Amino acid sequence: MLSAALLFKDALYGSLVLSVVCATLGVYVVLRRIVFVGAAIAELSSMGIALALWLSGMGWMAGASAHPVAFALIFALAGAMFFGIGGGARSGVPPDATIGVTYAVAAALGILLIAKAKSGEAHDIFLQGNILGITRADVYVLLAVSVPVLLAHLLFYKEFLFVSFDRETARTLGYRVTFWNLFLYFTLGLVIAFAMQFAGVMLVFNYLVLPAVTGMLIARSMGGIFITAILSALVASFVGFSLSVPFDLPSGPAIIAVSGALAVVAWLIRSLQRR
Amino acid sequence: MTSLISFDGATLGYGHRAVLTNLTFDIPQGDFLGLVGPNGAGKTTILRAILGSLEPMAGTVTIAPGLRFGYVPQRDSVDYNFPLKVVDVVLMGRYNRIGLGRRPTKEDRELACQALEHVGILNLADRQLTALSGGQKQRTLIARALVGQPTVLVLDEPTNGMDLVSTTQILGLVRELHERDNLTVLMVSHALNEVANYVERIALVVERGFRIGTVAEIMTEQTLTDMYGIPVDVDEMHGHRIVVARRTAPAAETQHNA
Chain A
780 MLSAALLFKD ALYGSLVLSV VCATLGVYVV LRRIVFVGAA IAELSSMGIA LALWLSGMGW
840 MAGASAHPVA FALIFALAGA MFFGIGGGAR SGVPPDATIG VTYAVAAALG ILLIAKAKSG
900 EAHDIFLQGN ILGITRADVY VLLAVSVPVL LAHLLFYKEF LFVSFDRETA RTLGYRVTFW
960 NLFLYFTLGL VIAFAMQFAG VMLVFNYLVL PAVTGMLIAR SMGGIFITAI LSALVASFVG
1020 FSLSVPFDLP SGPAIIAVSG ALAVVAWLIR SLQRR
Chain B
997 MTSLISFDGA TLGYGHRAVL TNLTFDIPQG DFLGLVGPNG AGKTTILRAI LGSLEPMAGT
1057 VTIAPGLRFG YVPQRDSVDY NFPLKVVDVV LMGRYNRIGL GRRPTKEDRE LACQALEHVG
1117 ILNLADRQLT ALSGGQKQRT LIARALVGQP TVLVLDEPTN GMDLVSTTQI LGLVRELHER
1177 DNLTVLMVSH ALNEVANYVE RIALVVERGF RIGTVAEIMT EQTLTDMYGI PVDVDEMHGH
1237 RIVVARRTAP AAETQHNA
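Chains A and B, in that order, give the protein sequences. For the first sequence, this note's numbering gives the first residue as 780, with consecutive numbering after it. For the second sequence, this note's numbering gives the first residue as 997, with consecutive numbering after it.
In case anyone wonders, no lab produced these hints; they're calculated from the structure. All figures in this text were calculated on a predicted structure; none of them were measured in a lab. Don't take every hint at face value.
[To be verified] Listed next, the in silico DSBU-like pairs over lysine-lysine satisfying Cα-Cα at most 35 Å (straight line):
| no. | chain 1 | residue 1 | chain 2 | residue 2 |
| --- | --- | --- | --- | --- |
| 1 | A | K937 | B | K1102 |
| 2 | B | K1081 | B | K1102 |
| 3 | A | K937 | B | K1081 |
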């Protein structure tokens, strides 16, 4: 099973890199209750990819299909900044409704653009993700994005924690709350835009939510949640990937299924501890 | 006495809408001021101006140089989803001194423990914040404010949603901190009866205006009736002042609400 998986070792390495960085950010996503912001940004990113393919297919931007990440990045970061400053809260629309509108519209536009893109059918894979298609060069790209993001989170842990836990007090102590909040969302948008190229909406969403939930169920401290989330994401990626190759299963859903199983085990452990 | 905070003809508001106009008062060193009034009257607006997050639309708000605020937010404004130990929450009060990219040192932890001892919950240092009672959570937030060695302690509705025992204990603790450490305290509350028996001065912020004075000056039937616009009785029981709104006929009530 392992030897079969190692035939795609670059894909395996890529999914492990995604596991670490997404699980780390996922802790904030889950604790701050912005799970669907992650999903909406992923859809915006996917819409960016679709737009690149459509423009290229129409002959208006011939090179766009070669660089869909640039389009994914623009939409993901714009979405991250929008939600980072409050997501139109001043307009009186409830924040979760704004997230829902963004998610639905971005998903629909992505499908419409792909449907009309001349090269669309061949490129559906960009929207669904193709984790097996990760090359050595892709792994380096993912590392080039993930390492600085992880270092930023390591270095500015207390700033991200403080503005997430109690923004009013952080503000009175002189913290630029809006800046730190936007910085946090910026790292989220950046990672989602790149992860989307390889993992697709569903798997990125899984990496952002399920490992962090497993961490919350098992651990009792912030450090414990980060470690458990990262470990569970790595295990899910490794096991899911290794099972998917010999059994000819799609890798993304296999990883998600293992993530789900780990979350259920964590929930059972938590339930037993409470008795 | 040295003035720490001065409002001079300050008009406060949001956008083009003024909430409070022409405020002039001082908060001297060693003061224990209760900022009292109903929700929406402008207490938080004054608080924001003091904490520097709201610029006056007109006039000035002057803060003495080097002033350090220890801020105790409303308990519900903190996100209890985060699994933090009590001592870790208190340490946040030192984050701005620790500096960017640095972790709390052993000395910071010792100071956090001292602050917890100061408010009487050192034994809870390693407990999860979420596992504490309302009163214990409030003590944790007060300890966090104290660990920054503030010049002024600012508390926003510290007894909101608390039972009688916890309310008495928290207000007693704040009074003790004021007397023992000669700490200047500014306490925001909507509960006049609670605050009046602990503070030294009251700033009353109501729809009809703003008035500031000693407890004896503000807690009179005439002043409160004028400010609230309904007949009010002020009584004394065992040295405590009690304010009771007189029962009014429905017609009068309607008139007031209108």
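Results for each hint:
no. : hint                : verdict
1   : A:K937 <-> B:K1102  : 16 Å, holds
2   : B:K1081 <-> B:K1102 : 16 Å, holds
3   : A:K937 <-> B:K1081  : 14 Å, holds
The structure shown violates none of the earlier numbered hints.
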